[in-house]
Amino acid sequence: MTTPSELSPAEAADRLAIRELFDAYAHCADRRDSEGQKALFTEDTRFVVYMAGEGSEPTYALDGREALTPVFADLRQYEATTHFNGQSTITLDGDKATGESYTLAHHLFTVDGERKIMIASLRYLDTFVKIDGAWYFAERNLIVDWTDSRTSTP
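Just so it is clear: in the sequence shown, position 92 is 252 by this note's numbering, and no numbers are missing.
No lab work stands behind these hints: they were computed from the structure.
Below are the DSSO-like pairs computed for lysine-lysine, each with C-alpha atoms no more than 27 angstroms apart in a straight line: (1) 290 / 198; (2) 256 / 198; (3) 290 / 256.
Here are the computed distance ranges between Cβ atoms for each label pair: (4) 167 / 237: 39 to 47 angstroms; (5) 272 / 208: 31 to 39 angstroms; (6) 264 / 293: 25 to 33 angstroms; (7) 270 / 193: 17 to 25 angstroms; (8) 306 / 237: 17 to 25 angstroms.
The beta carbon of each residue, even a glycine, is placed where N, CA and C say it ideally should be.
Take these sequences, add in the hints, and give me the full structure.
Shown next, in the form of structure tokens:
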């Protein structure tokens, strides 16, 4: 087992700020706050989704913060969502960073009067940038590792 290296206060603050960025993204998604969610990205951001998993062709790729509007608004089709963020790794390089984070996303909806839940295991491969002291997503690659849909009881 390796021993953790000592973090400087600045590095610890950056790591915490990036973790809070992950959590703010999930919070905004679950509250259907698409404007708040978009504000977490740089103006020239890139957002790529791989619905068929890692190594597949992108399902879609969007460039620019405003291009995110329909993606985040699409969450309104669900009655409720809950995103549980799991482990994450971050590599800092000054005012830039990269990271990988895991999320279990729960999506509740009704089809033909039957309540359903779709659970997706997601991984995000991210590039971050620090602008005026705040961290933003510069690029976010969403990889769907697996999904499961089933009937849900109230």
